[in-house]
Amino acid sequence: MLKDVFSFVVGSARLAFRGGRLYYAWLVALGLLTAWGATAWWRQVTEGLIATNMRDQVSWAFYIGNFTFLVGVAAAAVMLVIPAYIYNWKPIKEIAIFGELLAISSIVMCMLFVLVDIGRPDRAWHLMPFVGSLNLPSSILGWDVLVLNLYLILNLVIVGHLLYTAFFRRPYNSRLVVPLLLFSIPAAVGIHTVTAFVYAGVAARPFWNSAILAPRFLTSAFCSGPAILLILFQVLRRTTSIEIKDEAIWKIAELMAYAMFLNLFLFGAEIFREYYSATQHLIHSQYLFSGVQGHNALVPFAWASLIASVVAFLLFLFPVTRHNLVTLNIGCLLIYAGVYIEKGMALVIPGMTPDTLGEFYEYVPTLVEVRVGAGIFAAGFLVFTLLCKVAIPILQESERPEEAEHSVAEAA
Amino acid sequence: MSDGERVPRHATSGLEQSIDRRSLLVGTGLTAMAAVSASVAGAAPGFVERLLRERFAELSPERKAEILDRLEQEYSERYGREVSVEDTPALDGVEFAYGLDIARCVGCRRCVYACVHENNQSRDPQIHWIRVLRMEKERGIDFTESTAYYEPPEVPEPDAFYLPVACQQCRNPACVKVCPVKATWQDPDGIVVIDYDWCIGCRCCMSACPYGARHFNWSEPKIPSQEINPRTHYLGNRPRPRGVVEKCTFCLHRTRKGRYPACVEICPVGARKFGNLLDNESEMYYLLREKRVFVLKEELNTQPRFYYFYAT
Chain A
1 MLKDVFSFVV GSARLAFRGG RLYYAWLVAL GLLTAWGATA WWRQVTEGLI ATNMRDQVSW
61 AFYIGNFTFL VGVAAAAVML VIPAYIYNWK PIKEIAIFGE LLAISSIVMC MLFVLVDIGR
121 PDRAWHLMPF VGSLNLPSSI LGWDVLVLNL YLILNLVIVG HLLYTAFFRR PYNSRLVVPL
181 LLFSIPAAVG IHTVTAFVYA GVAARPFWNS AILAPRFLTS AFCSGPAILL ILFQVLRRTT
241 SIEIKDEAIW KIAELMAYAM FLNLFLFGAE IFREYYSATQ HLIHSQYLFS GVQGHNALVP
301 FAWASLIASV VAFLLFLFPV TRHNLVTLNI GCLLIYAGVY IEKGMALVIP GMTPDTLGEF
361 YEYVPTLVEV RVGAGIFAAG FLVFTLLCKV AIPILQESER PEEAEHSVAE AA
Chain B
1 MSDGERVPRH ATSGLEQSID RRSLLVGTGL TAMAAVSASV AGAAPGFVER LLRERFAELS
61 PERKAEILDR LEQEYSERYG REVSVEDTPA LDGVEFAYGL DIARCVGCRR CVYACVHENN
121 QSRDPQIHWI RVLRMEKERG IDFTESTAYY EPPEVPEPDA FYLPVACQQC RNPACVKVCP
181 VKATWQDPDG IVVIDYDWCI GCRCCMSACP YGARHFNWSE PKIPSQEINP RTHYLGNRPR
241 PRGVVEKCTF CLHRTRKGRY PACVEICPVG ARKFGNLLDN ESEMYYLLRE KRVFVLKEEL
301 NTQPRFYYFY AT
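Going down the list, the sequences are from chains A and B. By the count of my numbering, the first sequence reaches residue 412 at its end, each step adding exactly one. By the count of my numbering, the second sequence reaches residue 312 at its end, each step adding exactly one.
Any given hint might turn out to be false.
Straight-line Cα separation of at most 16 angstroms, EDC-like style, residue types lysine to aspartate or glutamate; simulated pairs [what the hints assert, rightly or not]: (1) Lys-297(B) <-> Asp-355(A); (2) Lys-222(B) <-> Glu-47(A); (3) Lys-222(B) <-> Glu-62(B).
Far from chain B by the CB rule (all over 12 angstroms, computed), these chain A residues [as the list claims (entries may be wrong)]: (4) Leu-27; (5) Tyr-275; (6) Ser-277; (7) Gly-294; (8) Pro-300; (9) Val-370; (10) Phe-381.
The following residues of chain A were derived to be distant from chain B, with all beta-carbon distances above 12 angstroms [what the hints assert, rightly or not]: (11) Tyr-23; (12) Thr-46; (13) Ser-139; (14) Arg-237; (15) Phe-377; (16) Cys-388.
Hints were generated in silico from the structure; no laboratory data involved. Everything numeric in this text was worked out from a predicted model, so none of it was measured. We treat Cβ as the ideally placed atom computed from N, Cα and C, and that holds for glycine.
Chain A with its partners taken away, still in its complex shape:
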């Protein structure tokens, strides 16, 4: 058993570092970007969070926005798991696993974004269940720590088991994997709902204190996460022999169109309530969409996000553009950008501008924040790349009959 685990680990490591020049260039680029971010983070650790532009008035910003966006990307794995089981695609196992790999990478990024945001990373262990002093049941962030860890473990177990058995060309244990995959559906909904509740439960911030915040989180996640996967599938079927049918891509795109419609509808409902009732709470939306007293840093981003989301919806709505890979990919990029702006900037920052006593502090990130953010994304892509690099050959070899036996043996 121990010997098997050892040969699995060594075999995986060999697969991860078996590649051409382009692959290595990609790894080095990501590594450099990660290092660039890490040095910025080190500066932040030595100077304090003063290296960011967050202040008492806007005390959460770029980092927490990115965290929120990535929770959505992680949750989007269910957009594969659900249809995989409902529509029963042919390469079912291969496709579902990429959602899980994306989820693992996203959760890693989420945790890194929380780590760089807290003032005392040396005390991060206070958040660990049993070892620390998690304030349950009352703290929503406490629950978020629990569900995110649970979701990470769940995905690691599923992926680990699938790859391990495939590596030794054994059938996977469906009595283990199928229930876990099914459980990952409510768990994915859970991580995004709990993250939304971190904001929605704050009565002091009317911009967040909305009952439809969690549904909005889910619908936008079901747009942005699959957008990455659709592009990834097209890359994979060109560069590997993994078979992904057009019909499969179109079906995901169709489901995304529903999610986009709901996302825009819920957004409209929120906007109606804000602007028609026009209470003092409207000022946060005004800051976002039209600027207040010359404070208008977010206005171009807010409109870019809205326009991108509407155009992407139209591209996904009409079968002509949905079935055309060029327009489909444009739509994917647009919706990804739209949701990234919406979650990354247009949720956290206007919620805190003006602050609870009416003060306007206009936040824009410092270079340190941007570097740290870029470093974390690079680290996440690095994780995702290595995971894919290991998973694809293992799964392909296990699919193939005997003639490929020697190459697995070689890898092992």
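Take the given structure of chain A and dock chain B to it, following the hints.
Only chain B this time, still in chain A's reference frame:
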């Protein structure tokens, strides 16, 4: 030390068991790990111990005394003078409350700076626990239209009135509810306190506070040695580390010994009142009975112990 959830160490509740399990885990595996990594990194002595500290509220009296001693030493060395750190608990039969007469306040901000000096707030970057907001008389209390950055030649200005805001010491504190690590709690006398050595600096409490009362140490707080107030409390005005949240504590190092908070003492117009709600001889008891008061943002149901009134 008295905190909201005082549990005897020998009790056998589930909470206590989890604490014991934690002490055990912390005491063995983590200590070994941290000791190795710290010695590799050549960390300063005491680093490991500080890293693996337990919540102050859960410590035995002996451990608390040790920690207070160590802090006194550390601060005395840093500021070149004798600094004391005590942990006077809440007194029985005391529930503190505050009253502020808006009609009298002239917006001079002496309270702001008296507080800074009394409570060892950072001078660079500046941290102010009290924020005095200038309001237009015509609009009444309107936070959106208010400003804390008024600089007229003299106060009060004819068209304005002033609303000082600090921690409202809510009966229903949103900040305590959201803290993910129990680093902040409400003591029995109603004062919401923070363990600066347990806070992880996530700033959830700052999002949750409707009064902007919580402040973060964005960099290493700086206080000139000659300006340090050497009489300090563990949960109050002792010098804070970088990366943690702090707030007004009703000057608990003074008020738990029968003195007024510094802001009450300094106020030149007597706009500030303070007392024990449970004592029917107290100023606050009288105030609530005889005057008509209101609280800020009552619709949020935070139920502040900080009352505003117009007495004249």
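We went through each hint and held it up to the structure:
| no. | hint | verdict |
| --- | --- | --- |
| 1 | Lys-297(B) <-> Asp-355(A) | holds, 14 angstroms |
| 2 | Lys-222(B) <-> Glu-47(A) | holds, 13 angstroms |
| 3 | Lys-222(B) <-> Glu-62(B) | violated, 31 angstroms |
| 4 | Leu-27 | holds, 28 angstroms |
| 5 | Tyr-275 | holds, 17 angstroms |
| 6 | Ser-277 | holds, 15 angstroms |
| 7 | Gly-294 | holds, 15 angstroms |
| 8 | Pro-300 | holds, 24 angstroms |
| 9 | Val-370 | holds, 18 angstroms |
| 10 | Phe-381 | holds, 26 angstroms |
| 11 | Tyr-23 | holds, 34 angstroms |
| 12 | Thr-46 | violated, 10 angstroms |
| 13 | Ser-139 | violated, 4 angstroms |
| 14 | Arg-237 | holds, 42 angstroms |
| 15 | Phe-377 | holds, 22 angstroms |
| 16 | Cys-388 | holds, 32 angstroms |
In summary, the structure is inconsistent with hints 3, 12 and 13 from the numbered list given earlier, while agreeing with the others.
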